[in-house]
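**Student:** Take a look at the letters that make up each chain.
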Amino acid sequence: GQQLNQSPQSMFIQEGEDVSMNCTSSSIFNTWLWYKQDPGEGPVLLIALYKAGELTSNGRLTAQFGITRKDSFLNISASIPSDVGIYFCAGQLMGGGADGLTFGKGTHLIIQP
Amino acid sequence: NAGVTQTPKFRILKIGQSMTLQCTQDMNHNYMYWYRQDPGMGLKLIYYSVGAGITDKGEVPNGYNVSRSTTEDFPLRLELAAPSQTSVYFCASRPGTGAAVAKNIQYFGAGTRLSVL
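Protein sequence lines, in the order shown, are assigned to chains A and B.
Taking the numbering used here, the leading residue of the first sequence gets 1, the next gets one more, and so forth.
Taking the numbering used here, the leading residue of the second sequence gets 1, the next gets one more, and so forth.
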């Protein structure tokens, strides 16, 4: 199936630092979604992007839909302990139907106090 | 605000046993999905359904079966459990009608953690 290359795989940062992660693909997407998964829970939507070049914020989180429609990044500013978790990008392919999203492998964020 | 509810939360099976993972949603969503999540990997689609009575295979359907007799419920069945099916299973749903369809947003349950020993 299609693949999303998500990086980095893991991040060890200090509280208060900014975080940046990204996803790239060789395919064109019409939707990029960023989810967060807390330990023992299911993924929860953070930000949804629908237009090439779109930049959207949700509190300390900012995400952008790449101009080529093949990539997206997520930034977290001034990280806090509750930001710990796994962040997934997910995309809906152009022309794709009901058969689900394509997920990246996740970025595991660990914050040291 | 129940959303997507999965049961059980945890289960240990012996090789060759069978079980059904339950999933129900109260949002009247047409589309429902089953994913599995293995350590260090993303979510892989097992089966999906676009409405009651309609199901289709995803990327990794072997060893699983599904049914969709109602809009609300989408159970996943393992007939002969194998160690390779040790994983975390997530059910998700998404609107299938109206303006919300184009948003492509899936809503996830909390997962079922399954070990096959």
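These are computed hints drawn from the structure, not numbers from a lab.
Be a bit skeptical, because a hint or two may be false.
[To be verified] Below, a list of computed lysine to aspartate or glutamate pairs in the EDC-like style, where the Cα atoms sit at most 20 Å apart:
(1) B:Lys103 with A:Asp71
(2) B:Lys103 with A:Glu54
(3) B:Lys9 with A:Glu54
(4) B:Lys44 with B:Glu59
(5) B:Lys57 with B:Glu79
(6) B:Lys9 with B:Asp73
(7) A:Lys105 with B:Asp38
(8) B:Lys9 with A:Asp38
(9) A:Lys105 with B:Glu59
(10) B:Lys44 with A:Glu41
(11) B:Lys103 with B:Asp26
(12) B:Lys14 with B:Asp38
(13) A:Lys105 with A:Asp83
(14) A:Lys105 with A:Asp71
(15) A:Lys105 with A:Glu54
(16) B:Lys57 with B:Asp73
(17) B:Lys44 with A:Asp38
[Stated by the list, open to error] Chain A stretches covered by chain B per the calculated footprint, using a threshold of three residues with CB under 8 Å from any CB of chain B:
(18) 15 to 24
(19) 38 to 48
Since we're looking at a predicted model, the values are computed, not measured.
We treat Cβ as the ideally placed atom computed from N, Cα and C, and that holds for glycine.
**Student:** Going through the earlier hints one by one, which of them does the structure break, listed in rising order?
**Tutor:** 3, 15 and 18
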